[in-house]
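Each chain, written out:
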Amino acid sequence: MTKDSSIAFVLKEPKEAEPAPIATTGALAWTRENLFSSRLNTALTILSLLFLAWMIPGLVQWTFVDAVWFANSIDECRQLSPGGACWAVITARFDQFMFGFYPEELRWRPVLAFVLLGVALLPVLWDAVPARKQLFFFSAIYPLVAFALLWGDGFIFERVNSSDFGGFLLTMIIGVTGISFSLPIGVLLALGRNSNLPFIKLICVTFIEFIRGVPLITLLFVASTLLNYLLPPGTNFDIILRVLIMVTLFASAYMAEVIRGGLAALSKGQYEAADALGLTYWQSMYLIILPQALKISIPGIVNTFIGLFKDTTLVSVIGLLDPLGIIQPILADSTWNGLVVELYAFVGLVFFVFCFAMSRYSMYLERKLSAGDRH
Amino acid sequence: MKSNILPVALSAAFGLAAMTAASASTLEEVKERGTLNCGVSTGLAGFSQIDDAGDWQGFDVAVCRAVAAAVLDDPSAVQFVPTTGKTRFTALASGEIDMLARNTTWTFSRDADLKFTFIGVNYYDGQGFMVPKELGVESAKELDGATVCIQTGTTTELNLADYFRKNNMSYEPVPIETNTEARQNYLAGACDVYTTDASGLAASRSSFENPADHVILPEIISKEPLGPLVRHGDNEWEDIVRWTLNSLIIAEEKGITAANADEKKAASTAPGADTEIARLLGAEGEYGAMVGLDNEFALRAIKAVGNYGELFSQNLGEDTKIGLARGLNAQWTDGGLLYAPPFR
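Protein chains in written order, with the numbering used here: chain A, 1 to 375; chain B, 1 to 344.
Here are some chain A residues pointing at chain B (derived, C-beta under 7 Å): (1) A92; (2) Q96; (3) S163; (4) T225; (5) N228; (6) Y229; (7) I318; (8) G319; (9) Q328; (10) P329; (11) A332; (12) D333; (13) S334; (14) N337; (15) G338; (16) V340.
If the Cβ cut is set under 10 Å, some of the chain B residues that face chain A in the computed set are: (17) G46; (18) Q49; (19) D51; (20) Q57; (21) V81; (22) R183; (23) A203; (24) S206; (25) F208; (26) T320.
These are computed hints drawn from the structure, not numbers from a lab. All C-beta atoms, glycine included, are put in the ideal place defined by N, C-alpha and C.
Excised from the complex, chain B in its bound form (with noise of 0.2 Å):
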């Protein structure tokens, strides 16, 4: 969503006066307020959505749930905000939301021109081709003079641009605004190739009513690293949203599940255990304390959502409508870029 930039830095420069004048820290204020303020997108099949009780779901969702067991050990003492591609920013850097979990891609101007700090990566996703079976494309590079589905204004336009350009083919774009007006067009027949990020690729055709005669094509065009983000301006804040994601991350590669949690810790301590998890689970060592919470606030957070890879089974996994593999976003250890850093 590059053209949102000019508008958000303006209002973040007029936001830098309002955000030195607030002294006390992010921390503070949470636990104070006794919730969690935290973004969300107004509805993304995954991601965040609303289910028959009232209540919010979705693997950001789960983000700030996490977050606020950690901080203020209550996993529904988060105030949720829906922000949309036009707000969300701006939520942000005037304080309404403490952090933002909104599929957001990780980019050189946000991260330095926006004053945000992201704190990892929550999801790796990358801009693919979704086509009628019928059409009999394998590849890509086989989509020459295709009228292609495309939003607006985001920078899955500029990436299409780019690819075709690339690979000295032509095609034909037919705008849309919205996720759902391209699928209505998609199915309808207006394009022939609908392109976004291939999370959004996998949720739409769940949607259909007979999602075997798409496929999606194998290519993956570019690089979009989804993560939380935080104002720059409060490294403690920074540091523990970011260490709450990392260790949902950690647990998963530890074997450290919601259910477990608690037999983990304990048995942690016994001669030749791994110190890691010790350490993580609040057993050993005063790490809470250099955060300014305790010591088992990374077990809280474990215990309230579950690891990463249980997070993501149950709200994007193959057992799920969406039914995405972990590709990217398996562990390092299985081929996969989740590499967090040592708990030590």
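In isolation and in its complexed conformation, chain A is listed as follows (with noise of 0.2 Å):
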């Protein structure tokens, strides 16, 4: 072929492409597809946008222009600022927020164990993380080591009384027993509900029933008062203890339901290879069904892990000063008797934070084991 002398340009290489319209990308775009996209988005969005504007101010100015910091009384906080938050309050009462009644000098005993705490998770929640193998190890003795630190041992560590234990403490402490315990015994619960073995699976749907029949704040009044009847005189069975158990118990049988929910979706075909392949009942399981299992049930178990969460307040009906149960007595005390918001507000945040968390986290762990599913 000679070349054509009449064609006076030939585009060597493909031009390229023109941007994308305007109205069709960037924030613009956004706003118009999510925000204005038709008559009754639009006046939803002015509405939103009215509402936001005549509430942030106030809130804004509320919360932190107007707010005292730092005072030493209620009367103190409404002379500095008349119309502000008196977060005075919290910072003063800080200790006992986190603490509770701990004493002073031994505080540095919980935080060791709270960031202990986040050592013994790591290699739970994070793959990635170097020398997983002996990490583990360590979170398999963490509650030892958190008992002996919390409570002491009586040899190296001063041992603290349970009723010393209050605040966040002892919402962590109720929180992270009942979720990690809850998980593995609610695996063996729902195991069990679909065992074959008509004996075991008698206990456990027994079980499961009965604790799903009956309020936790029945179960917690139980184990403060009823307990007390039961057991021989002079016995001392610890409150928190008794709690624990009570939790624990409770959110296992919620889990062992979720769990059998995730059970029930693998196809027979699933079960029936494992059979054919040879495997034993607790290798099938553990190779094949609970990893395909408990990967749909994630959404359901962070579910029930949040929901224990924030029931943990509830022991402040039988008297243990969780942070929601520690505002009473310190509403009683005439320095700052007449703040209510501030407290509650302070008590909401946290909780946000920690079940926020949480949920953030099972919905990076989705994203991760769905990489490989083809859909």
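Starting from two chains that each stand alone, build the complex the way the hints lay out.
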């Protein structure tokens, strides 16, 4: 072929694409698509904006601008800034919110236990952590370490009485124990409920249905009052331990049902394939069934975790001074009597941080585990 | 809190078996343990609260400390067990606490049916009404047709119904759960009137931004004698708690304070001095031995927390924010109801 001289210009390379029209990309398009896509949406957007404009200035004014951060009493707060939040009560009583009556000179122990909790959780939550095997060993012995740190072992660490525990320390103890023990127990219960052995199945069904049929608050009352009568007099069965057992049993029953849902969602072929491979029951569960069932159950499991964490506040009804419980004696002190919103807002904020973190982690986990899925 | 009686009675019956098995006396148990387990309210202004340092303070709390000082010679050897209106009686019946000082009204059924012994009265309370000053109401008789904030499930609810029926008036109840909720509702104008124990009204009013805008009406419509209580079945322990409280009351009558107790004791053996002071403070006779303690138990209690009058003025009196007058809680010599039996 000879060169066609009548063509003056030949494009050798593909031309660069024009940018997309401005109305279909960037912030403008997002706004148009999500906020002003129809008349109804436009109206709702404008209404929401008006609502925010009406609410936010006052809220910011109250929360930050006019707020008093340091003062010695509510009267001082009101004198300094009558219309603002009196966060001084939180700064003044921060230690009580965190530790309850835990002896001041020993407070490094719960703090250390909290830091170590992070270390123990690392290998559980994140598979890319270096030296994961060794860390797993630490996670396994962490409950003992935490117990020795928090309550003291009588040799190295001075003993601390259970009645000195309070505030978020108590919330963390109940929440973390309930969460970490309810999952394995829940798995066993769910497997037991699906079991072919009638006796095991009967026990699991009875347990699950009984616990689910009774409100948590009833179980807590049983723990705090009724057990005192049933146990031989003079036995000192720690109140926090009693509550821990009740909360864990309660959460386990719910967990079992969540996981049973995951087990039911697997097709029968998975079970049959595992059997055909000649795996034993535990091998097939460990290698084939549970990894899939647990993955399906993640939203439900985390849901139960979050619910359990928030339910820990119920212990204030039986006189344990968790963050909500400790608000009462603080409010009764005439130095601060008269404040309400600030205390509850603070407790609410801390709970939100923990629950939101759990929820975000579960989303991360779901994304990571669904990477291999075809759909 | 009438509604709590049935479940408590049931569990109290349960507990009888356990209690009879526990043969060691409460005094021995407390001494062996080294601390007194004392049930207090989870929070009631002036009666039990925690201060900035995390220590329990208040009028009821002081009774616990006085008993600890009398029995264990250490007012801080108290394990405070915060109890709610629901858990207080079971905690006492089951032996979790040795005594309960939680502004509890002395009633027939609590005394007889729940198998408790009220060892006396440390505060004479009564149900009252609070209204905003701008309403211009001066007497509870003018409250016909008012909306009333009232805590549900309490004796105050029944008292209120009785009072309005007796006076041929009508009212509209606004049921609420806690004192805090009541205060917010009242301030927001959800009800014209807030009714509860007069001490509670005073405490609530003291927490308002403008306490002077609210008045507590003069009518008191019920008797609420509040006192510490112990379990049936250990009369020696009952006597110890009763006479610790009585000692504080007698101390005020005789002008003995925490500061001058030692002087008074030294002076009491002089000829012509008041022999009751000598007996009370252990300078004469063997009175402590009669309850299984030494003779200075009352002296220690008074030195630890002060006499009744000092306690009142520190926690509830007119110099505090709560600002209650002595009223019925004055000594009988001043026209009040405090009348401790002689220490003899």
